[in-house]
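Student: Chain residues, written in single-letter form:
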Amino acid sequence: MQATHAIPHSGIHEEHHEDAGFWRTYVFSTDHKVIGIQYGVTALCFLFFGFLLMLMMRWQIAHPNAPLPLFGPLLHSIVGDQMAAGVKNAAGSIIGYSITPTLYNSFGAMHGTIMVFLAIVPLAFAAFGNYVVPLMIGAPDMCFPRVNMASYQSYVVGGIIMLVSFFIPGGAAQAGWTSYSPLATSIASHGQTFWLIGMIFLITSSLLGAVNFIATIIQLRAPGMTWMRLPFFVWAQFVTAFLLLLAFPPLEAAGVMQLMDKVAHTSFFLPTGLAVGTLGHISGGGSPLLWQHLFWFLGHPEVYVLILPAIGIVAEVIANNTRKPIWGYKSLVYSALTIGFLSFIVWAHHMYLTGMGIRVATFFQTTTMIISIPSVIILTCLFLSLWGGSIRFNTPMLFVMAFLPMFGIGGLTGLPLGFNFSDLHLHDTYYVIAHFHYIVAPGTIFALFAGIYYWYPKMTGRMMNEFWGRVHFWLSLICMNLIFQPMFAQGMAGMIRRMSDGGANYTAAHNTATGLEVIGGLSDSLIRLHVFILWAAVCLGLAQIPFIINFFWSIKHGKPAGSDNPWNATTLEWQTPTPPPHGNFAKAPIVYRGPYEYSVPGHATDFTPQNEPDKA
Amino acid sequence: MEIPYTTEVRKDTGLYNAKVGIWLFLASEVMLFGALFSSYILLRVGAVEWPYGWLNIPLGTANTLVLITSSITTVMAWASLKMGNFGRFKMYHAITLCCALTFLGIKSYEYHDKFIHYQVDLKDGRIVDGHMEENNKDEIVILGRYAKNMHDVLDLHERKDLAKPAPIKIERSDIAYMENYGPWHNTYTAIYFTLTGLHALHVIGGAIVIFYLWAFGGKMWKSDPERFTNRVEISGLFWHFVDLVWIFLFPVLYLL
Amino acid sequence: MANLFESLRQGTAKLLGMPVLASEHGQQVDNLIIYVHWLMMALFVGWLAYFAYALFRFHRSRNPKADYIGVRNHASNYIEVVVALVEAVILLFVAVPLWAKTVDKFPAEKDSTVIQIVAQQFAWNVRYPGKDGEFGAQDMKFVSADNSFGVDPADPKGKDDIVTLNEVHVVVNKPVLIRLSSKDVIHSFKVIAMRVTQDAIPGMRIPLHFKPIKEGRYQINCAQLCGEGHASMANGYMIVQSQEEFDKWIASQTPAGAGGGSFE
Ligand code: HEA
Ligand code: HEA
Ligand code: CUA
Ligand SMILES: [Cu+2]
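Protein chains in written order, with my numbering: chain A, 1 to 616; chain B, 1001 to 1256; chain C, 2001 to 2264.
The set of hints was computed from the structure by calculation and includes no laboratory data.
Everything hinted at is true.
Here are the simulated DSSO-like pairs of lysine-lysine, each with C-alpha atoms no more than 30 Å apart in a straight line: (1) B:Lys1169 / B:Lys1137; (2) B:Lys1107 / A:Lys262; (3) C:Lys2211 / C:Lys2174; (4) B:Lys1011 / B:Lys1222; (5) A:Lys330 / C:Lys2065; (6) B:Lys1114 / C:Lys2141; (7) B:Lys1011 / A:Lys330; (8) B:Lys1082 / B:Lys1219; (9) A:Lys615 / B:Lys1011; (10) A:Lys615 / C:Lys2065; (11) B:Lys1114 / A:Lys262; (12) B:Lys1123 / C:Lys2141; (13) B:Lys1011 / A:Lys587; (14) B:Lys1123 / B:Lys1148.
Between beta-carbon pairs, the in silico distance windows are: (15) C:Ala2137 / B:Leu1104: 42 to 52 Å; (16) B:Leu1201 / A:Leu337: 28 to 38 Å; (17) C:Met2041 / A:Lys559: 38 to 48 Å; (18) B:Gly1105 / C:Asp2146: 45 to 55 Å; (19) B:Ile1204 / A:Val538: 48 to 58 Å; (20) A:Phe167 / B:Lys1137: 35 to 45 Å; (21) A:Lys556 / B:Leu1244: 54 to 64 Å.
Derived coverage of chain A by chain B (criterion: at least 3 residues anywhere in the stretch with Cβ under 8 Å from a Cβ of chain B; other residues may be distant): (22) 204-216; (23) 243-251.
Even glycine gets a Cβ: it sits at the ideal position worked out from N, Cα and C.
Let the sequences and hints guide you as you build the complete structure.
Tutor: Put into structure tokens, the structure is as follows:
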């Protein structure tokens, strides 16, 4: 603060003194650290909400149309009969309420939307990016603090619109997070309209954020912080920002067009010869595939938006806890950039079975295979970084060590999907669900947990409890695998995703009911896995309790961090006071070396901060 | 510690922050309109017959010239500030704003012209196409002509063979279906209204910013002229982009 | 050697739990899946072994002082190159040619069972050319609630066409040629045992072909979310039968008349 007072203020800075009062400091703050924390807490809440939706869905999958415990009556009071149907006992009196297919569909769509756009991206990109990036590059704040605040507010508005849509007649969007037309357009209720408007706010938020991040990283690097001295986390955020900046606008365009289809009755995505009553008179002449192309042009880069920041966190934690430099820093950077470019030309691997010709198919299979190589390189570098290290296993490191094989499994299972001919069998099965959840759940989410445990002392000045951290880790790791591993088996057996009855209609039981014996229905043992998965998911939820308590309890009662740099780290964020004051650094730090100078031979300590002057 | 390079440029990049910001933002804008243009191509390729000659080329040309003028005056406005002449800046940007209003005026006239334009399918299979003159309870009057087939409705480009528009009285009871040329009419009007509508929104946005700087900029010009000049430059860059988009829109929608 | 490979392949198929197989090309689908999983397992096991060793060997209790350089050799580059090569081989010599076959090498209409299928919420409309062996002329503009196929009511060829709901009869060991479309939203035609999946997209008519090699009654799945009935769109069956039975069945059907797909 003193430092900031010393300098004459130019317009923008007036309104965010520490003494600017509660509202300006905590709610309408333009300080990147406060905004980062706002993003973080909001996103964690959405993460939890997305999980609750999924718990209810898992119940419905495991026990189709059985009364939903705990939430059933609540749901019924919120969404009414046609969404939460009353279940009667023999005597004919209502014993509870179950999830109807319609409600299941909107939960599914919203789980996907919330997890991707309201939980993981805001947490991985906006929250950590906002808090850590400016500190890491030695900047006083983001380039455009006001834009930064606007970005967060736009995100909140988008989130609120999404939440409100649950309460409108007909409920929230029901056409999956992919919102394929004509289905999305033909559903009579207005959930989809809310979804589209909400998305436009979320996209705006991301665009503002992306511009801000890139400008900040280009402009505000401290003296001596050359590109190749940036911590890999910053590189990851940099590439991520570019993906958001260039991939989101096409979805925005598509969203506008679908909105036109919905409210102005145009036919962008509606072909001639549709016989759908709810649509009324339409001109036709549109193309359903156009929507898919525009959606996946965002969709695929988006998935790398979900993973790159996570990999960034992983790199930081590994370097810090192996006490040695990351192996192949340059290859990491170039791989990340390559992934960035390539992720714009693989989108149609989500559309293999829309009747694709040889040329197109060959092109996208090839690019899909090529893009897996940089990922392989990244993982290899991270693995090799362990060699020769002096590994200390604290909670962040544990989560990161789990991330590697989990991302490995998720990534590897992307390969059979990547070949058109094998996707023929796996497309739209639970194999796909397992594939990407291994990456985003025990992958990304674990990396984010690691990040929280790792940077917590910088944000609060206190450590989170180590013991409960380990409990949280081991339980989460086990449950995650118990949830998603069985899905590979189900998917391989041909079980389709997005089924409100978990496939009961495809079981042997159902088929024998039709009289004639049927080959190739889903075996009962597969269906029984549902119950197993349900309870694994419940346990996963319970496993979060230690974390949530730890998270809030440690703010006041955690063990004091002791120093500004409890992990003995080299990067700049640890060279500031804790928590960093407004303006971050008393005076601009000067950078003398790369980010991971650990265990430098001949150096007194086993870490050499980036801003420590070389002794002449 | 304060945010550096808010007005002065950073040596190695040679830019000040806001300049980087606006270029990045424009990059995303390119992707936005790029996506819509590609959609236009895809829809047009997929169409059985694409309307031709539906828009008023003289009006389009006029609007193009209006926007180009506004771009020039925008540059001049910025240059005058560079030369420290606030008065000339006021003058030039006044013209810019007038151009913006003219553009929007002409555009809304063109919109209105489409909304009163009807295609009426008669029960006997004939088609009447033209502007709604009277719209009464049991009969309507269209200033237009009978069309033998859809081709005569869709392709109006230098069709000497088509009859001159004349008032046609139609009993409501004879009408099978009738619809005006709103976005819903076909994929051409859909993309036309979406593209030009989105562009118009950009024009309005840009105009508001420019007006704000024009009307209330005086104070900042006194306190921090360099910063103010930068803001004018930024808003100018955005304005040029909006102009550029139209340079693409005009041939694509009016001429091709 | 050869039968070692074979037993390895079958072992993996068991391990992955590949479902019943009843079509000719299905074998190749399974094989591709199996080969790719070999690559995956090799990578995973290999890395996991290294991983476990590294975590043990370099625990700070055993290695208190970290080594600034770490790995010095370039073995990893070779691993990466190998991965790339294997992927390239699978891609160029297995995946691409096989796909070419699926979407290009269509059987001749005369020696295959030709069928039209139009999906709707939430059922499958199936149409066979009647005795004349020709379908009635169709056009999108005729499509309506009770004319899913958009058959031209004026066309005599359409009169003898045979239309069924949710029941696809095909002849064993004879290529099947299906023209797939949808009249409302996007569905996806999937018969697990046949290893076929194809989106049914309104406004498009997409051909697909396969050769069933095992008689029986198979379930037709809808693999694309298509509304609240998606999960219960499960009453479609594909009956694979001998030529005689098939002809008997055809004969037993009453022609639809021009209307097309009304199923009262
Ligand atoms: C963060 C998210 C993320 C990431 C990183 C990826 C990465 C990849 N994805 Fe995935 N994908 C999704 C999220 C993601 N995907 C989602 C959300 C969907 C479904 C969308 C929907 O339909 O709803 C999807 C669907 C999807 C499909 C469509 C399937 C279908 O619908 O039919 C395909 C097809 O090609 C595919 C391929 C790939 C490939 C080849 C990669 C490659 O980039 C993977 C490269 C990585 C590796 C090859 C791993 C390297 C491993 C090692 C080197 C050894 C490791 C060993 C140990 C650690 C012990 N993905
Ligand atoms: C980033 C994306 C993401 C994430 C993280 C998840 C996480 C999870 N997902 Fe989901 N999922 C999707 C994206 C994601 N999902 C998408 C895109 C789809 C496709 C939707 C569609 O078909 O359209 C999908 C679909 C999907 C399905 C298929 C549904 C169907 O096809 O019918 C299933 C089924 O089990 C599932 C399960 C889960 C589970 C059990 C988790 C768990 O891993 C959840 C773990 C989370 C927690 C345990 C909560 C932790 C919370 C906290 C720690 C809170 C702390 C709070 C404070 C401190 C304030 N998901
Ligand atoms: Cu039809 Cu799903
Ligand atoms: Cu993808």
